[in-house]
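*Asks:* Taken in order, these protein sequences are the chains called F and G. As numbered in my numbering, residues 17 to 294 make up the first sequence, in order. As numbered in my numbering, residues 17 to 294 make up the second sequence, in order.
Errors might be hidden in some of the hints.
If several chains are the same, the list does not tell them apart, and a pair holds so long as it fits within one copy or across any two.
[To be verified] Here are the simulated DMTMM-like pairs of lysine to aspartate or glutamate, each with C-alpha atoms no more than 20 Å apart in a straight line: (1) 207 x 270; (2) 145 x 123; (3) 73 x 43; (4) 207 x 268; (5) 232 x 243.
These are calculated hints, taken from the structure and not from any lab test.
2 protein chains.
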Amino acid sequence: MAGERYVHGYRPQENQRLHDQAGVLVDLLHHDTAYRAGSTVLEVGCGVGAQTVTLAKRSPDARFTSIDLSTESIAEARRRIHGAGLTNVDFLQADVFAVPFDAASFDHVFVCFVLEHLPRPADALTNLKALLKPGGTITVIEGDHGSAYFHPDSAAARAAIHCLVELQRAAGGNALIGRQVYPLLVNSGFKNVRVTPRVVYVDSSRPDLVDGFTRKTFTAMVEGIREPAIAAGLLDPHQFDEGIRDLHRTTDADGVFSYTFFKGVGTKGTLKENTDGR
Amino acid sequence: MAGERYVHGYRPQENQRLHDQAGVLVDLLHHDTAYRAGSTVLEVGCGVGAQTVTLAKRSPDARFTSIDLSTESIAEARRRIHGAGLTNVDFLQADVFAVPFDAASFDHVFVCFVLEHLPRPADALTNLKALLKPGGTITVIEGDHGSAYFHPDSAAARAAIHCLVELQRAAGGNALIGRQVYPLLVNSGFKNVRVTPRVVYVDSSRPDLVDGFTRKTFTAMVEGIREPAIAAGLLDPHQFDEGIRDLHRTTDADGVFSYTFFKGVGTKGTLKENTDGR
Chain F
17 MAGERYVHGY RPQENQRLHD QAGVLVDLLH HDTAYRAGST VLEVGCGVGA QTVTLAKRSP
77 DARFTSIDLS TESIAEARRR IHGAGLTNVD FLQADVFAVP FDAASFDHVF VCFVLEHLPR
137 PADALTNLKA LLKPGGTITV IEGDHGSAYF HPDSAAARAA IHCLVELQRA AGGNALIGRQ
197 VYPLLVNSGF KNVRVTPRVV YVDSSRPDLV DGFTRKTFTA MVEGIREPAI AAGLLDPHQF
257 DEGIRDLHRT TDADGVFSYT FFKGVGTKGT LKENTDGR
Chain G
17 MAGERYVHGY RPQENQRLHD QAGVLVDLLH HDTAYRAGST VLEVGCGVGA QTVTLAKRSP
77 DARFTSIDLS TESIAEARRR IHGAGLTNVD FLQADVFAVP FDAASFDHVF VCFVLEHLPR
137 PADALTNLKA LLKPGGTITV IEGDHGSAYF HPDSAAARAA IHCLVELQRA AGGNALIGRQ
197 VYPLLVNSGF KNVRVTPRVV YVDSSRPDLV DGFTRKTFTA MVEGIREPAI AAGLLDPHQF
257 DEGIRDLHRT TDADGVFSYT FFKGVGTKGT LKENTDGR
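Modelling step: build the complete structure from the supplied sequences, incorporating the hints.
*Replies:* What follows is the structure, given as structure tokens:
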């Protein structure tokens, strides 16, 4: 994560957004992740601990090491973990490209909403593979802003979302990375790769998601880049605000919003599997 | 369906395409549809019977009435049903806007890949509601071409898909209707409406879907409108063929393709529920 500019996060209202998002999406994203007692898990890019609390609660007898580039985020994550009464997480400020761990140190690696921000996600995965013991697993979760569509459809709303994609690209990231989780894991040498889409489908029969996801997570995230998008000349203020208005329009009684996350799991082969090739 | 031009279907290779599609997608779309013994089900727009065989097999003691505008399609559907040894389906050539049935004749209505072709889908649903007994259910399944995205991403491929959307719109239909299943059912007065997305996620770990869905269903469907798209001036031949080439590119080992169908179920309220309002 060295040298990159992080498109969102760090501000208090952003922390609240990331927290709301985690609350609504916990089951969808994490219901099938649990680690055995005694296993060691490296969480990469823990941020303010939105996923860390869920992970540590769901696997109370596994031992987590959660790293992030930001000491401020780690301080907040530590507060949250202590607030939740959890004691199975160690935090460490570290860069995924320069981690202070020996090779083959961990049973599992967990990476959520991180690769989207990295200029070299494949290199990051290769580095992380080196930290895994043979037979260990990696779990990767990423969104894909190109998976967002809605009713009523709106060119203005699509243009506002596209600003986020462009700003993230300019910062060295990739907001469309969800669809690439499979090839990234395979090309980094992981075996038995299995990717599954996790759709957040929202209509007015699901009011928690209308508020928690469409309004407070996705639309809030797009609203959050209003100033840099306008400053970069991607849209003028009127156009941008029209897009935001149309995203809010999808939260009306007849509105629909859909977004997809991708979760991939792969295994670091044993020495025999790796020399046998695929 | 009167007065509309059907964008795909009717030719032998098209029948094969629709058949392949049904084979691959049966579980995803139909695993949660089964009708009780003795219940009467109206299938609207059965076409060549791709869904009819599945429905009739999964509910062997329900009685189906399957209608379509095309006598040729019905003849083929009847051959398939007989070939499958099924005897619980009656076929009838009829228009959804002028059906020869009394009000409140059916326990259930089933509509799959039909509303996308209708200029007035809400009116069709209102008509179908009249045919249901109070407390009866409607099941609607529709695709949404705006839900298609893939890796590698390609503006040419998106432009070729957009031709299909435009031709369907010109024919009075709506290739983006999947996301509207919820508001269409609610606005037609159905109660307890529940819509669920059904994602066809394809990477090279799922070779049956690479071949059966990405190549032989979706890309074949887009290829099928090459001549009308070019004749309508939507793309020139070179552009269109580049789009098709890029769609095929998504079937390579590192390619990914995603498409979403929407399935909605609603209930016709009892007299009391309807007068109570919502």
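*Asks:* Decide, hint by hint, whether the structure agrees.
*Replies:* Each hint tested on the structure:
In this homomeric assembly, residue 207 and residue 270 come within 20 Å of each other (Cα to Cα) only across copies, at 14 Å, whereas the closest approach inside a single copy is 44 Å. Taking identical chains as interchangeable, the C-alpha atoms of residue 145 and residue 123 lie at most 20 Å apart only when both belong to the same chain, with a minimum of 11 Å there against 56 Å between chains. In the homo-oligomer, the alpha carbons of residue 73 and residue 43 lie at most 20 Å apart inside one protomer (13 Å), although the nearest pairing across protomers, at 34 Å, exceeds that limit. Within a single copy, residue 207 and residue 268 get their C-alpha atoms only as close as 44 Å, which misses the 20 Å cut-off; across copies the closest is 18 Å, which meets it.
Proximity of residue 232 and residue 243 under a CA criterion of 20 Å is satisfied intra-copy only: 18 Å inside one chain copy versus 45 Å between copies.
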